[in-house]
Amino acid sequence: MRGINKSFLGVPALRDAHFEVARGEVHALIGQNGAGKSTMIKVLTGVYTRDSGRIEFDGREVTFSSPHAAQLAGLSTIYQEVNLVPFRSIAENVFLNREPKRFGIIDWRRMNREAAAILHRLDLDVDVTRPLYDYAIATQQMTALARALSTEAKLVIMDEPTSALAEQEVQTLFRVIHQLKSEGISVVFVSHRLDELYAVCDRVTVMRDGRTVAERSMSQISRYELVSTMLGRELAEQLSHRRGEDAVADRPPVLEAVDLHRGRALDGVSLSIRPGEIVGLAGLLGSGRSETARAIFGADPLDSGTVAVDGTPLNLKSPRDAVEHKIGLAPEDRKTEGIIPQLSVRENVTLALLPQLRRRGIVDRKRQAEVVDRFIKAIGVKCSSPDQPIRELSGGNQQKVLLARWLCTNPKLLIVDEPTRGIDVGAKRDIQVLVRQLADEGLAVLLISSELEEVIADSNRVVTLRDGRSVAELTGDQITEDALMQAMAEGSAADDAGAGTSPAEGTT
Amino acid sequence: MTERRAADSHPADPGATTPDPVGQRVAEPAADATAPAPPGGGPRVQWSLWAQRYGALAALVVLFVYNAVATPYFLTPQSLLFILLRQAAPIAIVAVGMAIVIGTGGIDLSVGSVMAIAGQVGASLVLNDQPFLLAIVAALLVSALCGLFNGTLVARFGVQPIIATLILFIAGRGIAQLITNGELQPLSNPEFQWIGLARPFGVPAQVIIAVVVAVVAWLVMRLTVFGRYVLAVGGNETAARLAGVPAARVKLLAYVTSAVLAGLVGLIAVSATSASDANNTGVGMELDAIAAVAVAGTPLTGGRVTVWGAVVGAVMLKLLQNTLITHGVPKEVAQIIEGAVIVAALWLQRQETRA
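Chains A and B, in that order, give the protein sequences. At position 219 of the first sequence (counting the first as 1) the number is 219 in the working numbering, and the numbers step up by one without a gap. Plus 1000 on top of the position in the second sequence (first one is 1) and you've got the working numbering.
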């Protein structure tokens, strides 16, 4: 693929991007959210039509008009969410839409036999006549893969195939990938887990802002380079203006989370936050940042580990428990987890406060109005009136309403997950200033952000997660882009104080 | 679509009270504008919003005026109170409970069967010489249990509401028949049957009960924490939960409310007909109630409850039915017309959903 351009409503998603996969090669495609990976894949497989550029497949120039056409040409895609029919048998799923027929009737014996043969090739011996939902996700994924192979695929694209798999299933998948490779089939592997990329891929293409920014052999690129290329940061670029974290250092922590475990998402996260402190939580996509937030907030049950507030270990079973212990969470996805779209700004602000506004079950409307007025003014929410439905507000103002929702409950700990994602610059600045002010007034804040600058500029301390584990903690002047990226990539560089501040030392 | 088009036109419209920074200055004068219509919306948006909100009321007025002119004796207390409102009251009461359940994003198909169960429990206790108050309380308690069953399935076990309440829809009628061995038993207990037969101040008791239920429900939705929680859970359950709303308890309570109101109507039904009839009490009530809620413009996806809308919807549909029948429209055709009205109401709703 060369010089690919694609815009959506005038917003460019791909700008002169290129992508090349050799025969029998396992090729990693990485980039942050919105870097253009998915658009690239969709242009390739005929889901989207490109605005300009050239695609060659197997030596010929091609334009696939639909995913089906791409499939016929030997290009198969396995999506993150298995897109198969759970109630049909494995064999039916493998041959969906291409059932072998005899006299117009499905030749079941042949179908089952061939499906079993293909799965055997993948080292999987299962009863192909049983329905798909009987089997583990890994088997379902293998079925999708078998489906790809049965179409005589020459190139298989796997979009985050491991995100739903258990460790051992991942190993099986890797074995299969190696086997595909030995048969001369090319694989495009999209994943955010660096370990996996190094374990299975030959080459890597890094995308950023719709452009292809690097194409390298996996053996020639260090984790650190990989991460910094992906995030687009130069090694030399450093921001360090520190605040006096000594002021808060001797206060007992509001929150202490120790060794949190939950499935594959959290694999040993520990962190503590003192009053007046903003603790940043850094890590790549899928490293367990939001999961940590949800676990602390009681939204997801823990397998093991303890969460203590003010020194008392708590067993939070629901967000409601967390709210009662004065913890607030402004979630990552404002639309689906934050706002109640058709309710007014007023009701959205006071949603978490309602239990305290209640007098014999009835909402004290006078106090409600006072609270809402005060916080709308203090935070600078722009709305025509508190009666305006929140869905009519801009993203930045919605986010301010969500912050107001928690601030009016007078929390001890506020968790903000991507508080400035997708909002305009002005509102972003307002929110950052506000969070800082609140911390200065004694609030403990856990800040999650994919933007390194934001984490660096705002945090007193930064805890870095990698693959669901807290791997490094940086304080004060240690918090630099290099050190963070180092920690995100390799996980232990900055573990002991002093190391990791210089990129030269840590890079392999 | 239309609303999006309107939104796109904002930058060109300097007077629009949009949330964008430029428009903030106009916030003050607009503060008293309580009209929920989006700012800067074109006439089409406003029309469809208006039609959605007041369509049922407008239809009711049109039907009323038409009948006042064209139907003899329509404007008599006899016709209005004892035919129209007396018939509409049970539907309205059930529709109010239904509106709350729908507000949480659910649906309650079991109301007809719960009516039958409550009717049978009440009637058989009275027939066995128990005090009428005990009969009424027992019937309502059994209804509450039915609601608890529905609510538990939905809120604790995550069963889809339509499936969860289908269980009692089917099994409930069987239970009702078991209570009286499927026999139709004549009733004559004036105290017990007060709610179906009495006419204090010359007004049928069920009409008074319906008004009281609607007023209480309206106040609950408007003033209480529970009312807001219903809207929050129906509007965005994930967000509500993350804001500490006890979503499961709210849903449970919604189903219990719906079932108790259905039970109340079951008692009215057996009282009014002076017979406990497990086979026919409340048959089709779930659809009448859902239709009443839907024609009033309440989205079935949840997040909004219009108590008066449900009442207006119930009266309007009943009047439509009666109008068609009194004017000699064959029953089959009448049913088709009723269906068309409901479809029209749903179409109006979609206008907003898509916007």
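Treat the hints as calculated values from the structure; they're not laboratory data. Backbone N, C-alpha and C fix where the C-beta goes; we use that ideal spot for every residue, glycine too. Incorrect hints may have been included.
As the list claims (entries may be wrong) - Covered by chain B, according to a simulated footprint, are these stretches of chain A (three or more residues, beta-carbon under 8 Å): (1) 340-347; (2) 357-366; (3) 456-465.
Unchecked claim - Residues from chain B shown here face chain A by an in silico Cβ test under 7 Å; the list is partial: (4) 1223; (5) 1232; (6) 1238; (7) 1241; (8) 1246.
Unchecked claim - Restraint ranges, calculated between C-beta atoms of paired labels, are given here: (9) 361(A) / 1184(B): 35 to 45 Å; (10) 1201(B) / 377(A): 35 to 45 Å; (11) 137(A) / 1300(B): 32 to 42 Å.
Hint check results:
1. 340-347: holds (count 5)
2. 357-366: holds (count 6)
3. 456-465: violated (count 0)
4. 1223: Status holds, d = 5 Å.
5. 1232: Holds, about 5 Å.
6. 1238: At 5 Å from the nearest chain A Cβ, residue 1238(B) passes the 7 Å test, so the hint holds.
7. 1241: holds (6 Å)
8. 1246: holds (6 Å)
9. 361(A) / 1184(B): 35 to 45 Å: At roughly 42 Å between Cβ atoms, residue 1184(B) and residue 361(A) fall inside 35 to 45 Å, so the hint holds.
10. 1201(B) / 377(A): 35 to 45 Å: Once the Cβ atoms are compared, 51 Å apart, the range 35 to 45 Å for residue 377(A) and residue 1201(B) is violated.
11. 137(A) / 1300(B): 32 to 42 Å: holds (33 Å)
In summary, the structure is inconsistent with hints 3 and 10 from the numbered list given earlier, while agreeing with the others.
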